[in-house]
Amino acid sequence: MAFGILKFGTKVGIFGGAIYYTNQLGVWSNSERTTQLLLEGINFVKPYFKDVPVPVEATRVPSMAELVSSSKSSWNNGVFATSTFLSKLPSNAVVWSKSGMNYINQQLQQPTAASNPKN
1 MAFGILKFGT KVGIFGGAIY YTNQLGVWSN SERTTQLLLE GINFVKPYFK DVPVPVEATR
61 VPSMAELVSS SKSSWNNGVF ATSTFLSKLP SNAVVWSKSG MNYINQQLQQ PTAASNPKN
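Heads up, the sequence shown is in the numbering used here, so the first residue is 1 and it goes up one at a time.
Watch out, some of these pointers could steer you wrong.
[Unchecked claim] The calculated label-pair distances, taken between Cβ atoms and stated as ranges, are: (1) Glu32 / Ala65: 32 to 40 Å; (2) Ser74 / Leu6: 50 to 58 Å; (3) Ala93 / Thr59: 26 to 34 Å; (4) Phe85 / Phe3: 47 to 55 Å; (5) Met101 / Ala18: 24 to 32 Å.
By construction, these hints were calculated from the structure, which means they are not laboratory data.
Don't be surprised by glycine CBs; every beta carbon is placed ideally from N, CA and C.
Let the sequences and hints guide you as you build the complete structure.
Next up, the structure:
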C-alpha cells in the first residue's frame, strides 16, 4: 500500500515538475516561443550525434493498370464471399439455432448431486 502511494506520488511529482518547468520556459505561451525552444534544443544536442548514412530501399510503385486489376480482383472476391455467405445463410441459421438451443438446454438442466457442493 505504501509502495503504491510512493509510486503514485513520484509520478505526480515528475509530471507536475515537467509542466512547471516547461511553463517557466514559455513552451505554452505562443508558437513562436515554442519553435525557438525546439530549435535551441536541436542545436544543443546536435554536437553529441553524428550523421550516420542510412541506406534507403525504394520499393517499386505499382502502375495504374496493376492497381486497377488488383482493385477489381479484390472487389470480385468480396462479392463472391458475400454471395456464398448469403446463399448458405438459411442452412447455417438452422445449424446455429440448433446448437444454441442445445447449449441453453444444457445450461437449464438440473445440477447433478456430484456438482452440488452442499451434499
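To test your reading of the hints: which numbers does this structure violate? Going through the list in order, the structure violates hints 1, 3, 5 and respects the others.
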